[in-house]
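For the record, the sequence lines run as chains W and X. Those letters in the first sequence? Residues 1 to 359, by the working numbering. Those letters in the second sequence? Residues 1 to 656, by the working numbering.
Among the clues, some could well be false.
[To be verified] Using C-beta positions, here's what the derived DEER-type ranges look like:
{"id": "1", "chain 1": "X", "residue 1": "Ala466", "chain 2": "W", "residue 2": "Lys303", "range": "24 to 34 Å"}
{"id": "2", "chain 1": "W", "residue 1": "Asp115", "chain 2": "X", "residue 2": "Arg289", "range": "56 to 66 Å"}
{"id": "3", "chain 1": "X", "residue 1": "Ala466", "chain 2": "W", "residue 2": "Gln287", "range": "32 to 42 Å"}
{"id": "4", "chain 1": "W", "residue 1": "Lys118", "chain 2": "X", "residue 2": "Gln347", "range": "21 to 31 Å"}
[What the hints assert, rightly or not] One side only, chain X facing chain W, incomplete, derived with CB under 8 Å:
{"id": "5", "residue": "Arg289"}
{"id": "6", "residue": "Leu454"}
{"id": "7", "residue": "Pro458"}
{"id": "8", "residue": "Ile626"}
{"id": "9", "residue": "Tyr628"}
Derived by calculation from the structure, the hints in this document are not laboratory data. This structure is a prediction, so every number in the text was calculated from the model and none was measured. Even for Gly, the Cβ is constructed at its ideal location relative to N, Cα and C.
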Amino acid sequence: MKQAALALAVVLVAAAGLAPVQAQAPYFAGKTIEIFVPFGAGGGTDIETRFLAPFFERHIAGNPKVLVINRPGGGSILGANFYAANAKPDALQILATSGSTVIPYILGVPQVQYDFKKWKLVKVNGVGAVVYVNPATGIRRPEDVLKPAQPLVYGGIGAANLDLAMLLAFELLGMNVRSVMGFEGRGPARLAFERGETNIDYQTTPAYLSQVAPLVQERKAVPLFTFGFTNDKGQLVRDPAAPTLPTIYEFYQQVHKRKPDGQLRWKALQGLLNPAFTFQKALWVPQGTPPEALNALWDAVDKMNADPEFKEKSKNVLEGYTLFRGDKMEGAVIKSLRVTLDVQKFIKELLRTKYNVDI
Amino acid sequence: MAEAVAAALALFLVPHRLGMMLLGIMAGLMVGVLPGMGGIVAVAVLLPFVVQLDVISALAMLTGALAVVHTSDTITSVLIGAPGSAASVTTVMEGHPLARQGQAARVLAAAYLSSLIGGLIGAVGLTLSIPIARPLVLAFGSPELFMLTALGVSFAGSLLGKEARRGVIAGLLGLLLGAVGPSPAAAQLRFTFGQIYLMDGMDLAIVALGIYGIAETIGILSRGGAIAERIDLGQGWLQGLRDVVQHRWLVLRGALIGMWAGILPAIGATAGTWMAYGHVVATSKDRSRFGKGDIRGIIAPEAANNSVEAGDLIPTLLFSVPGSAPAAMIMGALLAYGVVPGPRIVQQHLDLIYAIVWTFAAANIIGAAIMFLASPLLARLTYIPFTRVAPPVILMMLLAAFQETQHFGDLIALLALGVLGYAMKATGWPRAPLLIGFVLAGPLERYYWLTINLYPDPRSWLLRPAVIVIGLLLVAPFAWSAVQALRRRGAAVQSALQRVRWKPSLGTVVSVGLLGIFAYAWLSARGFLVGSSLMPLSAAVLGTVLCAVQVVQEARGRSVPVGDEDELGGADDPSARRGVQRALGYLAGIAACTGLIWLVGFRVAAALWVLVFMLRVARMRWTRAIPYTAAVVMALELLAGVLSVRLPQGLIGLFR
């Protein structure tokens, strides 16, 4: 019996090409995993993590209990710092991060005490975004963005946050836009657009499709471009959720009749696109986590992607974008976090001179 | 629309869906009773179960829970004086003093009936406004939202208490507290003292628990005895119901104010309750009982805090802009079922919306009925010596505060605000303006900033019709009081306060302390960036000047620090001084408990502290104190398990 089990194990290992699997209870059997969300309840990252938790319970070998714990503060810096200082490499505590956790890290904000390079990636998924204007701006063709019929006003949350990608896009295209910061989120900023208080705005592609596309039909909004999506070869391609719209890269060419490559402004925007959009939502565990635990987590991601109920229900929550296994994407994600010094300096300089933000 | 309503009824009246709604209601009621825990905890507890249900059952469960949280949080607020959630502070202010006078049954009956009616009005309002809500919400631009928050702040003007100066200072302190953290206007952190904990600002639940929860608990403890001295349960119920019938228009007005505060995304649930309360006080002829237990001050806010949840569903469903965290979580659940909130929901899922409305209405009725039945029993809690009830209540408050960020700073903030709250309570500073200032500081500053930047020409927003209307509403009460003051001029001079010989006391410490806080804020706010300094700097300058006047007037014996009505006697009364000393002792006890939690973690600290408290303070015998402590610790453990609440871990890891 014992020999048969051993033989079976050997066959399984050979078949799957995995590290030796022990013929005993799975690593997570009877354990509880806590996922720390460094944001308040009800935010985007919180909602996604709470949605994923029961599917992780179902698909991680050993069916551990999965709890979601909110540890907000400091725009996610507090929770991520806490995790960096306290999490043990046993995969029983997992950290959820979003673009807001990554951008201060990239910019070298002094309060940041965490380092993504000391963690292993469990999963990553992203989201695209669409930029659109009010038809009253007179913008019909791409080149119109340089001479709109009325001054452009953009409503943002804060310059040193996810709005940064938008500000860099204005910079790259050479658009003259007055940015008003202070909205409490993209939703209220969209309301201001609908009221006519602002006339250029962006939303994540799913929010665009459900909230702004009806406005486009009523001729109350005109889409301009998307921030694109990075494919597994590292190339910026059209947003899979909005394939008819040009990417910012294509749009630049339509406006300026040349490619943006080689410009520092383009390098800066490129550096932000992955952390802010394609790799926006990630789960991490500390380095040194046992391989059997990591494998169980990564396999759970594959099993979830194959689960028909997950496919059905995740359509809206994950907004049509794929959930990637951590081991496949870790290299690309970590690479995307390295921003060259000249880019960092350029962004800081832009924030300081144009937006009165000193980092 | 009529078919959708009928179709929704058919969807809703399915036994197992009704069962799910009942489960949701039970969870909502239970979480509501716990001090400081509101809708977020209720929805978070239910979310894991929801995944296995069909969409209507899931919504029935979540809506059921959310609808009744503000029905049951009344119990804690009225009986113990600890706000059951941040939106029920006004119920503490008016309901708790009445409970002390033995009128708990009356207050609870009035509160439940108002909650029930408020919830139903909310449900009806939701039904009627769905077709017209989109253009209506979009009609409110940033200038209108700014003017509405300003109107809310001006309501604080009617809650100033006996001495207007103290009230204004308290309101300014609230604005300053609200300014801690990130500025909406510029990327700048204010008053954070280099603490990452303060980077996101102070948490509303902790402010409410500290300023009212801890302060009231300490107040009752230091007075000694039970919460209520007199017993008259029998007639109270009928009286409470009669009160609501008598003030039926207040219920309606409260519910409508609450619903609108919910519908407009900027204002928020807590502010809606305060606006309903401020409105009642501002429009009442006889204001002498407010703050000391006035049933009108319970009826309107209780109606408002249930209808606000219904109103909140409008921006959530029609704009996918949730006005509160629980609404955001419901939205997340909807997404999982393929229902995308937004402009198309009215065409695609109208039956679903009405199913939510039906659940909301039904849950309000069932929740109120359950509370009616349970309350005679719960009201008897007020006759138990308070020393036996206080330790679990205090531990619950510490635990609730800790859930906000799970950082030890939560406990320190709670303690500090508790000290401030008690000091204000004992020396005659009104606390209501502080809360209003705190709640509205954010939206006030944000929408002022957005308004002046989105409308660079002042005429373009000042002349908008709605702005003018709200502006008139804002100015009218002040003009009216000015006219009345002119008429009464002669009489007012005679009733000026008697001069009293000044002696240094706790009151002096508080006044000078506040002066120090404002002066410090003034100095540091001068260094802020243009946009982010405007509100804190104006609040600090005005506060410094008024505080200086206050200190001088106190020294001249013109403004005597007198505690709230339930605090014993005046400053000269020796028994009052002993009361203050005892209160300081209890505060030190809570501080010791917090320190113990820091050192050895919540479990061990709770056990040790309850045991010592029972032996030393409640004078229990060992034979009873030990089983009592064991029961409290086990109950907390059970609760933490059920609610998946995190317990603070200590420096020395015992019993993790």
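* Against the structure shown, which of the earlier numbered hints fail to hold, in ascending order? -> Violated hints: 1, 3, 4, 5, 7, 8 and 9; rest satisfied.
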